[in-house]
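K.L.:
Top to bottom, those sequences are chains A and B.
Going by our numbering, the first residue of the first sequence is number 339, and it counts up by one from there.
Going by our numbering, the first residue of the second sequence is number 15, and it counts up by one from there.
Everything labelled a hint here was simulated from the structure, so no lab data went into it.
A couple of the hints might just be wrong.
Heads up, simulated EDC-like pairs for lysine to aspartate or glutamate below, C-alpha to C-alpha not over 20 Å straight-line [claimed, not checked]:
# : chain 1 : residue 1 : chain 2 : residue 2
1 : B       : K22       : A       : E423
2 : B       : K536      : A       : E423
3 : A       : K352      : A       : E423
Over 10 Å on every C-beta distance to chain A, these chain B residues come out as not near it, computed from the model [to be verified]:
#  : residue
4  : A122
5  : P203
6  : A299
7  : E303
8  : F311
9  : V597
10 : R619
Keep in mind it's a predicted model, so treat the numbers as computed, not measured.
Idealized CB from N, CA, C, for every residue including glycine.
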Amino acid sequence: MTFDLAQREAHWRKTRNLMIGHLIIWFIFAFVIHWFAAPLNNISFFGWPLGYYMSAQGSLAIFVIQLFFFNRQQHAIDTQFGVAEDE
Amino acid sequence: MGMQWEGKTFVENLPKIYGVYTGGFLAFFFLMAWFESMGMGADTIGILFVAFTIGIYAFIGILSRTMAVEAYYVAGRSVPPVFNGMATAADWMSGASFVAMAGGIFMAGHGYMAFVVGWTGGYILVATLMAPYLRKFGCYTVPDFIGTRYGGKLTRFAAILVLVVASFTYVTAQITATGTIAARALQIPFAVGVWFGLAGILVCSMLGGMRAVTWTQVAQYIVLIIAYLIPIFWMSMAQGFGPLPQLQYGPAVERIMELEPIIGVGTLTAQESIRGLSTLSTLHATPREGAMAAWQFVTLVACMMIGTASLPHILMRYFTTPSVRAARNSVAWSLFFIFLLYFSAPALATFSKLQMIDPSLPTAIIGQPIESVLALDWIQKWSAIGLLAIVDSNGDGILQINEFYLNPDIIVLATPEMAGLPYVISGLVAAGGMAAAMSTADGLLLAMANALSHDLYYKIIDPKAETRKRLLTSRVLLLLIGAGGALVASMQLTGILGAVAWAFCFAMSGLFFPLVLGVWWKRANRAGALAGMLVGLFVGWWYLVAVRNPDAWYGIAAPWLGLNDLRFGIVGITASLIAMVVVTLLTPAPDAETQAMVDEVRIPRGDTIIAAKQ
Numbered sequence: 339m340t341f342d343l344a345q346r347e348a349h350w351r352k353t354r355n356l357m358i359g360h361l362i363i364w365f366i367f368a369f370v371i372h373w374f375a376a377p378l379n380n381i382s383f384f385g386w387p388l389g390y391y392m393s394a395q396g397s398l399a400i401f402v403i404q405l406f407f408f409n410r411q412q413h414a415i416d417t418q419f420g421v422a423e424d425e
Numbered sequence: 015m016g017m018q019w020e021g022k023t024f025v026e027n028l029p030k031i032y033g034v035y036t037g038g039f040l041a042f043f044f045l046m047a048w049f050e051s052m053g054m055g056a057d058t059i060g061i062l063f064v065a066f067t068i069g070i071y072a073f074i075g076i077l078s079r080t081m082a083v084e085a086y087y088v089a090g091r092s093v094p095p096v097f098n099g100m101a102t103a104a105d106w107m108s109g110a111s112f113v114a115m116a117g118g119i120f121m122a123g124h125g126y127m128a129f130v131v132g133w134t135g136g137y138i139l140v141a142t143l144m145a146p147y148l149r150k151f152g153c154y155t156v157p158d159f160i161g162t163r164y165g166g167k168l169t170r171f172a173a174i175l176v177l178v179v180a181s182f183t184y185v186t187a188q189i190t191a192t193g194t195i196a197a198r199a200l201q202i203p204f205a206v207g208v209w210f211g212l213a214g215i216l217v218c219s220m221l222g223g224m225r226a227v228t229w230t231q232v233a234q235y236i237v238l239i240i241a242y243l244i245p246i247f248w249m250s251m252a253q254g255f256g257p258l259p260q261l262q263y264g265p266a267v268e269r270i271m272e273l274e275p276i277i278g279v280g281t282l283t284a285q286e287s288i289r290g291l292s293t294l295s296t297l298h299a300t301p302r303e304g305a306m307a308a309w310q311f312v313t314l315v316a317c318m319m320i321g322t323a324s325l326p327h328i329l330m331r332y333f334t335t336p337s338v339r340a341a342r343n344s345v346a347w348s349l350f351f352i353f354l355l356y357f358s359a360p361a362l363a364t365f366s367k368l369q370m371i372d373p374s375l376p377t378a379i380i381g382q383p384i385e386s387v388l389a390l391d392w393i394q395k396w397s398a399i400g401l402l403a404i405v406d407s408n409g410d411g412i413l414q415i416n417e418f419y420l421n422p423d424i425i426v427l428a429t430p431e432m433a434g435l436p437y438v439i440s441g442l443v444a445a446g447g448m449a450a451a452m453s454t455a456d457g458l459l460l461a462m463a464n465a466l467s468h469d470l471y472y473k474i475i476d477p478k479a480e481t482r483k484r485l486l487t488s489r490v491l492l493l494l495i496g497a498g499g500a501l502v503a504s505m506q507l508t509g510i511l512g513a514v515a516w517a518f519c520f521a522m523s524g525l526f527f528p529l530v531l532g533v534w535w536k537r538a539n540r541a542g543a544l545a546g547m548l549v550g551l552f553v554g555w556w557y558l559v560a561v562r563n564p565d566a567w568y569g570i571a572a573p574w575l576g577l578n579d580l581r582f583g584i585v586g587i588t589a590s591l592i593a594m595v596v597v598t599l600l601t602p603a604p605d606a607e608t609q610a611m612v613d614e615v616r617i618p619r620g621d622t623i624i625a626a627k628q
């Protein structure tokens, strides 16, 4: 299978969009949520004040899950364009 | 004769090897617990724990010695993602994470959680922006990427400079931590403990380079995570919080928030000043009010995250996987293994605090008669070595929150004792702290020695040097840098946490944009990268010095926007970005060959860039 310029660009565009999408989620759970920690603390989440919970567990768990998803998505993109590595 | 360190059989055997190892370590732990019940002294148990674990690391280190370049620099690029994840987690979690984190959360409350968020979320940047591409590049070191992508000896040299500044700042903190723990567990003076710790660190890395460091780090991860989690589970069972405290401590947080106004946390302030100790005066889960507090939280998070993605000793771990996809998977596993410790630390801090302040628990000390508190074993033990103090400032004979002074580091170490757990737990915790500090120190020392031997000596000074000479140089450098680090550590200049945060800020100021834009911006060129590294490093450096010396001629009266010395990376990285973009746009685009190289980096398939160039 040939990998011409158009495909190269399409592959990189998809890769870049995936990266941007994940960085948006990252930005929300790394910064935005914690900016509003004080008001969020008024909400109770299984006994935790929500603002505290997000910094102690919530954001962390989302980061972990997010990365496993990211890997699957990026691999799907690479496979689609035939640029994944041979196993 | 020699052991097989690569290939299918070795990889297939890995779960078995480390399974047996984990079982062996647990068996050792229960054996020690039994010895203790038979009357063995606490000192002997501490010594046995530290000696046994260091002995194993040394054994792995000696067994995996090598004279092959690929094995020495990148562990033969054969480390499976899950194991590389464990090694990275050990590489990552320093003595500070292990010993100081729970105590920091205990004392500083929500503000300290910025470290918890920052030291995990950085891996999103590593996975999306860096690791897979650096792996495809096929370099041995981080300066190797900079030097090849942008070309030029000066660029390579600038990258070495940033790497050494950041890593050396960090490694002194780690050697300090090994010294502190070794001194306490083996009952030797701190200055001797530092050199003892260094010997343990070097035996893991000198003979086998990256290969030895990888397999000892996996072993160290297993020890450190067991040592962190067992006390938490045990304590939680003993105190009736349930078997999985990490998922159940919400009500404990609420209870603390209820008790805080009653016992006067945040309203009663300390009357005395005792060096190294302080009283609890920050609310547990309530953030400080106002936009400035929120700004300081997110800027600290940003520094820790971007620093994570720029620290060479972490990035180089992803050079060791067999493929680009494996590098990516390995980042996710790293974060998972790090998560296991970081989501437990706040739970530990919460339980430990509740035990001290909740009058309905038998362990409570706040609000109790001072006489009976002073009679407690753990209070006597820790006050004897100056890590805890009780002063009845108002003379009423009752312990108030502002009369109880402590050093935050003792939370991890003293909580098991407070809960009445046997001494064997303290031995275990000492071994875990030692593993955390040693593994990080090894990664850092190797990152520096490799950059100096591969990039400075081989690529810049003597490109004709033979393999033997290169690897010998690297080993001599390990020894010299290690000795330098131990020397600085024995002078005890800065606190552990300050040095760690500075290392992150240095790395992000100098390396983040040259690395990211090297992949993501084809137009980025040599002059731009050079400007980005040097301007970033020097502006960051100047700001650090200026903000700490407001009265000097180069000083600044007040931090800009509340960016204190822990956050100087924000200033450095901004300067780095501006310098890199402006200089790049003012100078010609890189040649067609370089642009084609960037295209190749962006797809996983095919030879590495370095291999294709040769």
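K.L.:
Now look at each hint and say whether the structure bears it out.
P.N.:
Hint-by-hint comparison with the structure:
1. Between the alpha carbons of K22(B) and E423(A) the distance comes to roughly 18 Å, so the proposed pair stays at or under 20 Å and holds.
2. Of the pairs offered as hints, the one joining K536(B) and E423(A) is violated, with about 23 Å between alpha carbons and a cut-off of 20 Å exceeded.
3. Note on K352(A) and E423(A): the hinted pairing holds, with a Cα-Cα distance of about 18 Å set against a maximum of 20 Å.
4. No Cβ of chain A comes within 10 Å of the Cβ of A122(B); the nearest lies about 12 Å off, and the non-interface call holds.
5. Separation of P203(B) from chain A is adequate, the least Cβ-Cβ distance of about 38 Å exceeding the 10 Å criterion.
6. Not every CB of chain A is more than 10 Å from the CB of A299(B) (nearest about 4 Å), against its label as outside the interface.
7. Here E303(B) does not stay apart from chain A, with its beta-carbon only about 7 Å from theirs, under the 10 Å limit.
8. With 10 Å as the threshold on Cβ separation, the claim that F311(B) sits away from chain A is violated: the shortest Cβ distance comes to roughly 6 Å.
9. Annotated as non-interface, V597(B) keeps its C-beta farther than 10 Å from every C-beta of chain A; the closest such distance is 24 Å.
10. Chain A draws R619(B) into its interface by the beta-carbon criterion, the shortest separation being 5 Å against a cut-off of 10 Å.
Going down the numbered hints, you'll see the structure goes against 2, 6, 7, 8, 10, while the others check out.
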